Structures are given as structure tokens and as C-alpha cells.
Amino acid sequence: MTTTTDLTAGDAPLGTTAERRAVVSETGAAPTGEWVIVTRGIKRSYDMGGEIVRALRGVDLAVRRNEYVAIMGPSGSGKSTLMNMIGCLDTPNEGEYWLNGQLVSQMSDDALAHVRNKEIGFVFQTFNLLPRASALHNVELPLVYAGVPAAERRARATEALTRVQLGDRVHHKPNELSGGQRQRVAIARALVNRPSILLADEPTGNLDSTTSEEIMRVFAELASQGQTVIMVTHEPDIAQNARRVVVLRDGVVSSDERQDAFSTRLRQQGSAH
Amino acid sequence: MPLFDAIRLALDTIRVQKLKSVFTLLGVTIGVMFLIAVVSIVEGMGRYMEEDLVGKIIGINTFELRRRPNINIGDVDEAVWLSYSRRPRIMESDVQPVVDALPEGVRWAMYSEDNLRVESRYSRPRNARVLAVDGDYFGLKKMAVTRGRVFTTQEVVLGGNVIVVGQELQRRLFPGVDPIGRELRMGGLPYTVIGIAEPQGSAFGISFDNFAIAPFKAPVHRLLNRRPHVIDAIAVQAPDPTVLADAQEHTRALMRARHRLHPGQDDNFSLETSESALEFWTRIKRYLVLAGVALPALGLVVGAIVIMNIMLVAVAERTREIGVRKALGARRRDVMSQFLIESATLSTLGAALGILLGIGLAEAIAAVTPLPASVAPWSIAVGVLLGAGVGIVSGIYPASRASLLDPIAALRQE
Numbered sequence: 002m003t004t005t006t007d008l009t010a011g012d013a014p015l016g017t018t019a020e021r022r023a024v025v026s027e028t029g030a031a032p033t034g035e036w037v038i039v040t041r042g043i044k045r046s047y048d049m050g051g052e053i054v055r056a057l058r059g060v061d062l063a064v065r066r067n068e069y070v071a072i073m074g075p076s077g078s079g080k081s082t083l084m085n086m087i088g089c090l091d092t093p094n095e096g097e098y099w100l101n102g103q104l105v106s107q108m109s110d111d112a113l114a115h116v117r118n119k120e121i122g123f124v125f126q127t128f129n130l131l132p133r134a135s136a137l138h139n140v141e142l143p144l145v146y147a148g149v150p151a152a153e154r155r156a157r158a159t160e161a162l163t164r165v166q167l168g169d170r171v172h173h174k175p176n177e178l179s180g181g182q183r184q185r186v187a188i189a190r191a192l193v194n195r196p197s198i199l200l201a202d203e204p205t206g207n208l209d210s211t212t213s214e215e216i217m218r219v220f221a222e223l224a225s226q227g228q229t230v231i232m233v234t235h236e237p238d239i240a241q242n243a244r245r246v247v248v249l250r251d252g253v254v255s256s257d258e259r260q261d262a263f264s265t266r267l268r269q270q271g272s273a274h
Numbered sequence: 062m063p064l065f066d067a068i069r070l071a072l073d074t075i076r077v078q079k080l081k082s083v084f085t086l087l088g089v090t091i092g093v094m095f096l097i098a099v100v101s102i103v104e105g106m107g108r109y110m111e112e113d114l115v116g117k118i119i120g121i122n123t124f125e126l127r128r129r130p131n132i133n134i135g136d137v138d139e140a141v142w143l144s145y146s147r148r149p150r151i152m153e154s155d156v157q158p159v160v161d162a163l164p165e166g167v168r169w170a171m172y173s174e175d176n177l178r179v180e181s182r183y184s185r186p187r188n189a190r191v192l193a194v195d196g197d198y199f200g201l202k203k204m205a206v207t208r209g210r211v212f213t214t215q216e217v218v219l220g221g222n223v224i225v226v227g228q229e230l231q232r233r234l235f236p237g238v239d240p241i242g243r244e245l246r247m248g249g250l251p252y253t254v255i256g257i258a259e260p261q262g263s264a265f266g267i268s269f270d271n272f273a274i275a276p277f278k279a280p281v282h283r284l285l286n287r288r289p290h291v292i293d294a295i296a297v298q299a300p301d302p303t304v305l306a307d308a309q310e311h312t313r314a315l316m317r318a319r320h321r322l323h324p325g326q327d328d329n330f331s332l333e334t335s336e337s338a339l340e341f342w343t344r345i346k347r348y349l350v351l352a353g354v355a356l357p358a359l360g361l362v363v364g365a366i367v368i369m370n371i372m373l374v375a376v377a378e379r380t381r382e383i384g385v386r387k388a389l390g391a392r393r394r395d396v397m398s399q400f401l402i403e404s405a406t407l408s409t410l411g412a413a414l415g416i417l418l419g420i421g422l423a424e425a426i427a428a429v430t431p432l433p434a435s436v437a438p439w440s441i442a443v444g445v446l447l448g449a450g451v452g453i454v455s456g457i458y459p460a461s462r463a464s465l466l467d468p469i470a471a472l473r474q475e
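In order, the protein sequence lines correspond to chains A and B. Numbering-wise, my numbering comes out as the position in the first sequence, counting from 1, plus 1. Numbering-wise, my numbering comes out as the position in the second sequence, counting from 1, plus 61.
Don't read these hints as lab results, they were simulated from the structure. Keep in mind that this is a model prediction, so the values were computed, not measured. Every residue gets a Cβ at the ideal spot worked out from N, C-alpha and C, and that includes glycine. Honestly, I wouldn't trust all of these hints.
Unchecked claim - Cβ-to-Cβ under 10 angstroms is the rule here; a few derived chain B residues that face chain A: (1) 65; (2) 66; (3) 74; (4) 77; (5) 81; (6) 324; (7) 328; (8) 377; (9) 381; (10) 389; (11) 392; (12) 393; (13) 395; (14) 469; (15) 472.
To be verified - In the DSSO-like style, the derived pairs of lysine-lysine whose C-alpha atoms are separated by at most 27 angstroms in a straight line are: (16) A/174 x B/79; (17) A/119 x A/174; (18) B/81 x A/174; (19) A/44 x A/119.
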């Protein structure tokens, strides 16, 4: 049985491949509590003006609680589609997606909204803060949709902002904050409702390298505190911050390895793909 | 999302986009403004009609026996007029039998009236309403004199050349002069002013104080009715409606007998009360109120279309915001209600503004024209409800478009 301590050690097993294969192969069965994400052969295709684009062609993925996973892949590999799938913004045409013990692949739009609110904390490349709202109000939003009373919302949002070192910036509007500060507001917003997974889509894509490092440090710290983190990126350097790297190619998982194995391969091949 | 938060959010949005909001509100504001103004004027006219005009002309618990109704503002067509003109006139000889037939405790008066030229030495001639009266005319009209006196029994019986004038006529005929004891002339004959009546007020800019009252037997009555022994009206006032109805029935029976009407024949005389005189007004008022509501409603339709347009633009502009909200867990109904509350808030604000402007407009009209204004509380309620209703109705389509947005596409929007 893997523990959080084992995971931070880096070379400890991240749940063996055999265990992952086992949980993925049990079609129709609810995974046990340790598995936050289990996808079983999910397929997704789009009709682009008569042409069928098969973005996902059967993705199997199993992520345990407390893992820090990077999903990589060139453009067109289906990583955005997979991210939308994991983030419950989209549902697969085929296959199963179990999130925290719930089969979300068959859910209605409103049920998906509820799952997004409770289980997922989004961090976007472009921050996606509401421009006219203060940092505090932005962070409060998920709690508003969770039906949390105003006083408690305020307290929890302030606490989340303090956690990302923005306790003194709660009343600032996004345009009064730097890029790194904005992304930290977004992280506070993602975490405020205590989600099962923090799902980041190119979180450093709009940031300079110094600020990117700062954000990666925040992620590493959150992961070390036990937060499950899924990060979608096309930058190998950023992906190396995760403890496990999944590479997608042509709509299927082409590699799924520990960070050290990925780094070694990266040095040898000069490419992640 | 709680209603209070949603309204605050809507107000924030409106505050940020002040100019756009003002233009959006214009349709609803103007619609509600005219609704309030028109209804206020109609209500004011109604109150005036009921309390002042008809109440003063006829009086409470009073009926007047006439050849034909005095107040004919309704739909009286030519045939009706023709039948009126074939009716027998009310004669002096009718008075005593009618008075004898009345129950105990009622007042009565008879009079003839017309507009006549009245001359005095102190001004140019004026036209005034001149009445020749008998019975308890002053008591029945609750008319007291501020100065001087009313007629003595002797003057009434003998038809003295004495006259009581209204304030307005007094001011015109005797500017700066004490009129008591002075002379005025009608039809070349002199009359002595013995009293000044209390102010009777005015309606629609027409003064009720431009009159002169003489005893019935004074020579002037010959000018008021071209035929001898004809009178205009017998007025009867009862202490309460029951006695009034009783008095009316007695009078009707008596007059039918005197006019030799068979059972089944219609009355060929009128017993006019303030209620019967107001019937026409009640009828007109219904149409006026209908028009007062229907025309502004047309403005509200335009306002609704404008709001719908603006809300569609808002949805398009804030697609990304909608995407973010959905990603953070907003359900369809959350997005729907956010935009519905926003358009309802916007439109209710416009209606509130319209109510204020409408009251102002009504007051302004009342100030510069003789039309009275009386703001009806129900019209304010209707204004607010219409505002909220227009907002909700015109918000439905944009809000449902927003709620149906695909979060992925919405988030990708630049």
C-alpha cells in the first residue's frame, strides 16, 4: 500500500502498473476509495462539419488519491479533450469515467455541475477570474454555487487567499494584481471548496519563467500536503514538476511513468513524445 | 445563488454600465411614466366628477325633476334628443302637487336658469348664470352668504327686485366697490344686491361662482323661460337614501298620473340623481383607463424588446464569465436565474424611475392645466409589477441561451 510519504520520496512505487491495470480492467465496477480517477476506454469524437474527429480513442487511466500527475502531449493528441473529460465539462461517447467513486460518464448537465463544484478545482491558463469582482468575491464563487452561507463563504475565501499568501490583497480587482498573483487567486478559488482534484490546464502558459517557478512551488507544496493534482501541459520542463507523467498521443496514452523515468527518457531522446 | 446576492450582482452590473443601462431602461421608464400619468389624471378627473362637479351641481341625497337630464355627456343620439324635445315641460302648476306628495322631512326647491347678460355701472356687461328660485334653494344647496342676507319671505312671495350674487360675478361687476345695496341690471330692469354667496369652487377651470340668484317671482324669470309658467327643475333633498328613494317613487307616480301615462309607457320626465348623472362618467372612465393602460403597454412592448436585445448582447459579451461560472459549478438554473434577475432588476428600476417621472408629469399637468391629478396606489403597484414582468419575460430568451451554453466553448471564447 502506497502512502503519501512514499510518493514524495520519488522513487517509491506510485501504485504499480499491475494495480492500475487491474482497476481499469474491472469494467462496470466501482473502484475502491483510494482511486480518485479511473477511466476505462473512454472515447470521444466530434463532428467537425461532416468530418468525424476522433479526439480520444480509448483512454485508460487510474489515479490514486494524493498523486501529482502531469498530462502531456502535442497539440491534437487529445489532451485538452481528456482534461475536459476529467474536469466533467464533457462526457465520453464510450467508456466509463469514475471520479471519487461516482460514475460521471452518464450524468446529466446539472449533476455534472454539482460534481464540478464539489470535486474539481480548476486552474486555467488565462486565470479566468471575473474582472469586475474582487479577489475575495472570485474565490467565494464556488461556495456561492455550493449554497454556503455568506459569512462562512467570506471566512473560507479569506482563509484560502491567506493560504496562497494573498491575505493582504483580498479586496483587489484582478487588474490590480500581477500575473502570478492572479494565478494564485485562481488557485485559492480552486481549493476553497476542498475538491478531490486540483485540475490545472497549462497553469504557467501565460506566466514568465520566474513566476512559473513560483506557481510550481505552490503546486508542489499543495501536493506535499496531500492534494491530488492533475496538470495538463505541453511543456516538458513544467511536466517534470509532477511525480508522474502521462503522455498522450493520437488519442491514446502512449506512456505513463514516474517523473524520474520520464526525465531520463527526456534527456536521452531530447523529446517527450 | 441566493436572491439577494443575485440582485446585488445585477446592481453591480448596472452600475458599471450606467449609460447602457439608462438607454435600456428608457422604454420601460417611458411606458410606466405615461401609465402612471394617464391613470392619475383619469383618477383625478373621476374624483373631481364625483366629489365636486356632479356633487355640487346636483348634491348628495338629492334628485331633480326635469323635462330631460341636465347632464348629458354620455352617448345621447339624435333619436333620444328628439324624444326629449317631445316631452311635456315641467310647469309651475306641477310644483304644489309634487311638494304635497313628498314624505316628511325633505327639502325642496324649484328653479329656472339661463345665461344672461348682467350690467352694472362699475364695469362692462358680463355673462353669468342667472337663477330664479323658490322653496328652500339656499338650504338645499347648502349655500350661505358671506355678506348681506338671503331673501325675506315677503320678497319671495311678492317677487322683489333683489339678488344674491356669487363671488366671481361680484368681483367682475363691482371691482373695488362694496356691492351690497348697489344696483345691477338684467333685461333693462334694476335689481338690488342684498347678499354675496360663499365661494362654491370650480371644476376644470370653470368657476361655480359666476351666478346671480333672484326670487322666482322677480321679473327676471320671464327672461329665463320664454314660455310662461314653465320651470326648469324641482329639486328634492332627503335626509338619507331610503327617504330619497321613497320621495322619488312618490314623485314618479304623481308625474306619471299628471302626464297621463299608461302602465308600460316610459317616463316622459327625468328624475336625476348624482349617481344617475355619473353613469356616463363611469362608462367613459372605463375606456379612458383602458386607453391609459393599453397605450403605455405598447411602449412596454418596445421596452421589452430593447431589454431582450441588451440582455442578448450581455450574454454574448459575458460568454466567458458564463463558462467560468459553469466550470465552478453553476447549474443551468443558476445561470438562468442570474440573467433573469438581472433583467428583472434592470426593468424594475426603469419602472421605479417611470413611476417617479409619471407622478411628476401628472403633478405638472395638474399645475399648468385645469385637469386635476390623483395618483392611484393601484397604478403604482401595476407599474412595479409590469416592470418586473417585462424584465422577466424579456429576459427568458437571453437567459435560457446563456444557461444552455456549452461550458467548453464558452471558456474558449476570447
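Hints and how they fare:
no.: 1; hint: 65; result: 9 angstroms, holds
no.: 2; hint: 66; result: 6 angstroms, holds
no.: 3; hint: 74; result: 8 angstroms, holds
no.: 4; hint: 77; result: 6 angstroms, holds
no.: 5; hint: 81; result: 14 angstroms, violated
no.: 6; hint: 324; result: 77 angstroms, violated
no.: 7; hint: 328; result: 73 angstroms, violated
no.: 8; hint: 377; result: 16 angstroms, violated
no.: 9; hint: 381; result: 7 angstroms, holds
no.: 10; hint: 389; result: 5 angstroms, holds
no.: 11; hint: 392; result: 4 angstroms, holds
no.: 12; hint: 393; result: 6 angstroms, holds
no.: 13; hint: 395; result: 6 angstroms, holds
no.: 14; hint: 469; result: 5 angstroms, holds
no.: 15; hint: 472; result: 7 angstroms, holds
no.: 16; hint: A/174 x B/79; result: 20 angstroms, holds
no.: 17; hint: A/119 x A/174; result: 26 angstroms, holds
no.: 18; hint: B/81 x A/174; result: 22 angstroms, holds
no.: 19; hint: A/44 x A/119; result: 25 angstroms, holds
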